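**Q** Same order as they appear, the protein sequences are chains A and B.
Our numbering numbers the first residue of the first sequence as 1 and each following residue consecutively.
Our numbering numbers the first residue of the second sequence as 1 and each following residue consecutively.
Hint data in this document are derived by calculation from the structure and do not stem from the laboratory.
Values in this document were obtained by computation on a predicted structure and should not be read as measured data.
Yeah, the Cβ is synthetic: ideal placement off N, Cα and C, and Gly gets one too.
One or more of the hints may lead you astray.
As the list claims (entries may be wrong) - Selected chain A positions facing chain B (in silico; Cβ < 10 Å):
no. : residue
1   : Met1
2   : Ser3
3   : Leu52
4   : Thr64
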Amino acid sequence: MNSTDLELLSAYLDGMLTAEEISAVEARLAEETALRRELESLRATVALLGDLPDLQSPRDLRLTRAMVQPYSQRRPPIALFSALSAAAAFILIAVGVIGLTSSQLPAPDSAQVAFAATETPAFTATITVDATLATESDPAVESLSLEIAAGNDATDAISSSQRAAETSQALPMAAAATDSALVMQAPAEMNDLMPELTEGAPPAPELQIMQAFGGAAADSADTQGSAALNYAAEAEVAAPASAPPGQESGMAAGSIAAMPVPQGTMPPPTASPMATQPPPTRALTATVTASATHTSTPTDTATNTLTPSATPTSEPTAEPPVMREETTAEAPAETVFVILIMAGVLLLAATVAVYLLRRTR
Amino acid sequence: MVGKTRPTPDNEPTLIARAQRGDLDSFNVLIQFYQNAAFSLAYHILNDSDSAADAAQEAFINAYRRLNGFRGENFRAWLMRIVANQCYDALRRIKRQQTISVSDLPDAEYDDGPALVDSGDTPEEYAERRQLAQAVQDCISALPEDQRIVLVMSDIEGLEYAAIADSAQVALGTVKSRLSRARAAVRDCLQGFRELLPSAYRLISDES
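Whole structure, please, built from the sequences with the hints as guidance.
**A** Quick look at the structure:
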């Protein structure tokens with residue numbers, strides 16, 4: 001039996017031939033006994049195979065839920081999970097450490113300063129300092145003063161000193177603070193001398209936050225409040241004094257008004273601690289020094305000094321009347337960083353523990 | 001026609017629909033019904049109980065995952081093609097490993113092979129049937145692999161040429177020729193077991 005005939009017969013059994021092929025095969029089958037016998041043996045074989053009983057599966061093949069879980073769920077990629085988790089932990093720790101470190105170190109360049117000069121003779125500097133950055137640095141103030149200096153015009157400053165002083169009384173000059181920004185408007189009347197503006201007044205809400213922290217918080221808060229008021233008071237005093245245009249032309253009066261204190265008891269100027277500070281040049285020089293700290297971290301002291309002075313000797317910053325003042329959100333920031341570090345360490349520990357547990361299982 | 005009418009579970013469409021919605025219990029009812037058939041197909045191809053059970057198990061898992069691709073054709077045929085494909089994979093694995101040849105497996109651990117499903121016959125009848133089944137299995141496993149798979153899928157499982165060609169990834173004509181050669185080879189092989197064969201088969205064979 002050649003393979004062609006075999007294929008024909010096999011396909012004939014399966015009904016897989018065309019009508020023509022069927023006719024041809026059947027014609028041959030009628031004549032060829034050997035072909036007929038071949039066909040019957042194949043038919044019997046196929047029937048035998050088809051009648052084979054099923055075999056008994058040696059085990060139950062029903063599926064469990066675990067078998068049909070996707071691979072990713074069946075074998076959770078514990079390594080990947082651990083890696084991600086550990087990475088997150090390290091990021092937390094890194095952020096915490098960096099934040100904590102930089103909050104204790106000066107960061108002169110980090111303050112963002114926006115300067116705006118008003119149309120009035122008095123210059124209004126609007127200083128926006130990112131709250132977190134503001135807490136970090138006292139040297140930052142140097143850049144502030146540079147910015148302010150840029151707007152100076154000596155002659156204008158002198159001639160308009162009186163108006164400026166009035167403005168300083170009239171204008172609501174406030175330290176307006178948001179959660180993250182400290183905005184200080186400092187109308188500064190200037191001569192060719194540069195006032196040094198070294199600090200922003202703290203916003204009232206954060207004063208209260210500060211009170212909640214820090215051991216010496218209550219004291220400093222009080223000091224702060226009075227300090228802020230003192231700015232305004234001194235500005236009032238200073239302004240009329242600076243009114244005569246010719247008087248001590250080399251000097252300029254600067255003032256800062258800050259309104260961070262809800263309770264508006266205005267202390268007399270003499271009540272200010274600053275009054276005890278020997279004024280370099282009478283009232284013409286308004287020295288506003290507000291320093292705010294955690295008393296525990298003097299390095300964080302930020303000094304806001306608006307120092308118009310005729311002579312270098314008059315610079316009061318050499319011995320600033322230290323009025324400790326909590327700058328914005330410093331203590332909370334540190335706390336947050338510490339919490340971040342702790343959370344990172346905890347996450348890392350948990351990650352290692354979970355990883356080891358899964359490995360050993 | 002090759003295809004045989006096979007029993008199906010009464011509520012098969014319902015069970016399939018439920019399984020497609022993720023009801024594993026319904027799918028397990030289907031498995032209970034088809035697991036011997038799936039195992040048998042795999043055993044005829046792989047000629048090893050453990051390998052066959054593994055392949056059938058994997059096939060059911062694959063079937064469950066692919067169940068939404070089932071579009072209401074013949075479920076048994078659909079399932080058996082998955083089993084056959086699983087067997088192809090198993091054969092490839094075995095070849096790669098080169099540790100064992102499929103035909104050597106019974107020698108390595110010879111037994112009477114898997115039990116037959118109970119069909120209510122007497123012990124004598126059962127023994128006879130089992131001997132015959134073993135003879136057929138021996139003849140099948142003597143076939144070249146490509147012929148064996150085609151023969152098993154067609155004549156034992158009753159799948160159609162097209163499905164076999166699709167599963168084996170060969171042309172229809174290739175299925176046709178492989179099948180014819182496999183049938184002839186099995187027929188010739190079975191002559192050595194004449195005493196086991198049904199009388200009808202014996203009569204026909206005697207003529208040749």
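**Q** Does each hint hold? Answer for all of them.
**A** Right, here's what the structure says about each hint:
{"no.": "1", "hint": "Met1", "verdict": "7 Å, holds"}
{"no.": "2", "hint": "Ser3", "verdict": "7 Å, holds"}
{"no.": "3", "hint": "Leu52", "verdict": "6 Å, holds"}
{"no.": "4", "hint": "Thr64", "verdict": "8 Å, holds"}
Checked against the numbered hints given earlier, the structure satisfies every one of them.
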